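In order, the protein sequence lines correspond to chains A and B. The numbering of the first sequence is our numbering, which starts it at 1 and goes up by one. The numbering of the second sequence is our numbering, which starts it at 1 and goes up by one.
Worth flagging that the hints you see were computed from the coordinates, not collected in a lab. As the structure is a computational prediction, the values presented were derived from the model and not from experiment. One should not assume that every hint holds.
The list makes no distinction among identical chains, and a pair is therefore deemed to hold if it is satisfied within one copy or across any two copies.
Using 35 Å as the maximum straight-line C-alpha spacing, the simulated DSBU-like pairs for lysine-lysine come out as follows [to be verified]:
{"no.": "1", "residue 1": "Lys30", "residue 2": "Lys146"}
{"no.": "2", "residue 1": "Lys171", "residue 2": "Lys222"}
{"no.": "3", "residue 1": "Lys113", "residue 2": "Lys135"}
{"no.": "4", "residue 1": "Lys81", "residue 2": "Lys296"}
{"no.": "5", "residue 1": "Lys106", "residue 2": "Lys43"}
{"no.": "6", "residue 1": "Lys113", "residue 2": "Lys219"}
{"no.": "7", "residue 1": "Lys81", "residue 2": "Lys164"}
{"no.": "8", "residue 1": "Lys301", "residue 2": "Lys64"}
{"no.": "9", "residue 1": "Lys171", "residue 2": "Lys113"}
{"no.": "10", "residue 1": "Lys67", "residue 2": "Lys129"}
{"no.": "11", "residue 1": "Lys44", "residue 2": "Lys2"}
{"no.": "12", "residue 1": "Lys301", "residue 2": "Lys265"}
{"no.": "13", "residue 1": "Lys35", "residue 2": "Lys55"}
{"no.": "14", "residue 1": "Lys55", "residue 2": "Lys301"}
{"no.": "15", "residue 1": "Lys129", "residue 2": "Lys292"}
{"no.": "16", "residue 1": "Lys219", "residue 2": "Lys246"}
{"no.": "17", "residue 1": "Lys296", "residue 2": "Lys44"}
{"no.": "18", "residue 1": "Lys164", "residue 2": "Lys30"}
Number of protein chains: 2
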Amino acid sequence: MKFLFTNILGSFVLDEQGKMMDSILFTDLKEFTEKKSEDLLQKKYKQSIPLPQEKYHLFLSLVKEKKYYELFHQRNLRITKKALKASVSDDNLITQAIANMGELDKITNLLSKRFREWYGLYFPEIGEKIASHEKLIEFILKKNKKELMQQFSIKETMGSDLGKEDLEEIKLLAIQLQQLYLLRTRHEEYLTTVMKRYCPNLLELAGVTIGAKLLELGKGLKHLAVLPASTIQLLGAEKALFRHIKTGSRSPKYGILFQHSLVQKAKKQERGKAARSLADKLSLCVRLDYFKGEFKAPNYKKELEERFR
Amino acid sequence: MKFLFTNILGSFVLDEQGKMMDSILFTDLKEFTEKKSEDLLQKKYKQSIPLPQEKYHLFLSLVKEKKYYELFHQRNLRITKKALKASVSDDNLITQAIANMGELDKITNLLSKRFREWYGLYFPEIGEKIASHEKLIEFILKKNKKELMQQFSIKETMGSDLGKEDLEEIKLLAIQLQQLYLLRTRHEEYLTTVMKRYCPNLLELAGVTIGAKLLELGKGLKHLAVLPASTIQLLGAEKALFRHIKTGSRSPKYGILFQHSLVQKAKKQERGKAARSLADKLSLCVRLDYFKGEFKAPNYKKELEERFR
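All chains, full assembly: derive it from the sequences and hints.
If you want it as structure tokens, here you go:
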């Protein structure tokens with residue numbers, strides 16, 4: 001009885017005692033996938049059978065030799081690296097971009113508060129008139145104090161007259177902020193492009209931000225496609241869900257989906273229902289996207305909008 | 001007996017029952033500081049004396065009338081606004097700029113980590129070779145993957161080949177980061193300019209970052225100038241100090257001063273001593289600066305450097 005065995009090193013023929021009778025070593029990993037060498041040995045040793053699992057130890061003791069061991073290690077590394085290289089998908093790109101958008105939101109908020117405080121030394125009244133950070137910065141970079149006082153009918157200011165270079169420094173911060181806001185918009189456009197190609201149904205029904213967040217929270221389209229709709233409904237509400245399980249507080253009705261316009265526009269007592277229906281349809285969308293199905297999201301959207309208006 | 005009284009409304013003459021005999025109302029706040037009207041009334045009513053404090057209530061009941069009350073309110077507001085307007089000093093500007101530098105440090109760190117992760121999808125090996133975020137970004141913006149692999153002798157990469165627009169998006173983040181680093185440098189230059197004028201001694205001995213931080217922690221030059229040297233030594237170590245007081249753990253030897261090159265370079269067992277001497281001299285520096293004294297910091301610096309080398 002002879003045994004045939006193939007791994008990433010090559011194809012081997014062993015006798016019953018585990019002694020190596022013959023072998024074809026691969027020079028390249030390609031040969032491993034082609035499986036030719038095993039066929040060759042099979043022809044040469046007609047009686048041979050595949051090494052049964054309970055006898056693997058015979059082979060393992062053979063490759064403990066240093067030359068095999070080294071090669072084994074290297075080949076395995078190469079395989080892993082190749083797999084890694086191939087593993088980067090649109091999921092990763094989307095996750096990174098949406099995560100960075102979250103980061104940018106935090107950052108612009110932080111810097112905007114600092115900006116308001118700093119600029120407040122010069123012209124505190126304007127900060128009270130314009131609530132949006134982005135708008136405030138836009139106005140300040142476009143017009144000077146006098147023009148702004150006129151436009152917003154501010155008669156008097158408590159702010160002190162700063163030196164030109166002091167004001168310049170604050171404006172540098174404003175310019176920086178403006179660029180950060182711009183980068184956020186760019187990310188959003190980029191996400192739209194990627195998602196249009198990768199998951200058009202999800203994009204259409206969930207919108208770009210919520211769609212990308214769902215992919216991030218659901219750890220990729222594939223995983224999202226196998227999640228039940230009820231889980232999708234609660235993605236992003238993990239904290240409230242576990243509190244519910246632990247303390248028996250009321251169960252959450254929506255996670256990230258709360259931000260969706262459909263849920264927002266629904267009557268208060270219908271929001272839970274809207275979130276559930278939305279999650280149902282989203283679950284269909286991600287499956288369509290994952291299996292490269294039709295573009296049905298517009299129909300779903302219409303259906304939902306009619307139901308909850 | 002007649003009483004004379006002046007406040008921001010005007011100058012008044014009251015009789016003993018608190019009835020108003022005569023008054024000169026100010027039309028402008030300037031007249032209040034000039035004190036002319038009181039002199040006029042004094043000449044007219046030779047016998048009059050300033051209203052004693054225990055009789056203020058006589059006057060107060062008079063100005064409860066609506067027309068006085070309104071005017072009083074308005075004038076007080078104007079005074080406060082003027083005071084506020086005049087209260088913005090270099091202290092405020094320095095505090096805002098150094099606080100923003102701290103903010104930028106946090107932000108660049110956050111975004112750099114995100115950048116490393118994102119770019120790692122494309123070329124993970126380069127991140128391990130270059131530890132400094134700033135350097136990494138510089139290299140990546142200047143050279144492409146192939147050039148970098150050559151320069152850092154990286155033979156193989158696990159990173160996947162991203163599409164052009166995917167890579168572009170990551171590079172936008174890198175450019176943004178570079179500008180944030182630039183803004184930080186700009187702030188530092190700005191601080192140097194302001195501090196050279198405002199507190200040259202402190203700047204010379206403490207350096208720009210530590211000097212500005214001391215002004216921030218000490219709540220301005222004036223307050224810093226009245227602090228004992230031992231407090232200056234521990235600015236920035238409040239947490240450890242209160243822990244020491246509460247739990248009896250070892251007392252801190254330095255706060256922000258730990259970052260000073262003099263303390264850094266000193267032998268380990270001499271660091272506490274170095275911090276104490278440095279705080280002594282810094283205390284002298286801030287007093288010199290506050291009272292617009294001589295520029296003695298270079299001498300102090302030399303003295304300290306000789307002692308702790």
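Check lysine 113 against lysine 219 for me: Cα-Cα at most 35 Å, and say if that holds within a copy, between copies, both or neither.
both (33 Å within a copy, 20 Å between copies)
Same-copy or cross-copy closeness of lysine 301 to lysine 265 [CA-CA at most 35 Å]
within (14 Å within a copy, 67 Å between copies)
When no copy is specified for lysine 44 and lysine 2, does a C-alpha distance of 35 Å or less occur within a copy, between copies, both, or neither?
Cα proximity of lysine 44 and lysine 2: one copy only (11 Å, versus 133 Å across).
Intra/inter-copy verdict for lysine 164 and lysine 30 if alpha-carbon distance must be at most 35 Å
Between copies, since 29 Å is at most 35 Å while 68 Å is not.
Is it within a copy, between copies, both, or neither that the alpha carbon of lysine 171 lies no farther than 35 Å from that of lysine 113?
both (14 Å within a copy, 27 Å between copies)
When no copy is specified for lysine 219 and lysine 246, does a C-alpha distance of 35 Å or less occur within a copy, between copies, both, or neither?
Classified as within; 25 Å inside a copy, 47 Å across copies.
Checking an output row: lysine 81 and lysine 164, CA cutoff 35 Å. Within, between, both or neither?
Result: close only across copies, 22 Å inter versus 56 Å intra.
Measure nothing new, just compare the shortest in-copy and cross-copy C-alpha distances for lysine 129 and lysine 292 to 35 Å and report within, between, both or neither.
Close neither inside one copy (50 Å) nor across copies (40 Å); limit 35 Å.
Status of lysine 64 relative to lysine 301 across identical chains (alpha carbons, at most 35 Å)
So lysine 301 and lysine 64 fail the 35 Å test inside a copy (61 Å) and across (66 Å) alike.
Using 35 Å as the alpha-carbon threshold, which applies to lysine 171 and lysine 222: within, between, both, or neither?
between (46 Å within a copy, 28 Å between copies)
Within a copy, between copies, both or neither: which one fits lysine 81 and lysine 296 at a CA-CA cutoff of 35 Å?
The answer is neither: 38 Å in one copy and 62 Å across copies each exceed 35 Å.
Please sort lysine 67 with lysine 129 into within, between, both or neither, judging by C-alpha distance up to 35 Å.
between (76 Å within a copy, 30 Å between copies)
Taken one by one, the earlier hints fail for this structure at numbers 4, 5, 8, 14, 15, 17, listed in ascending order.
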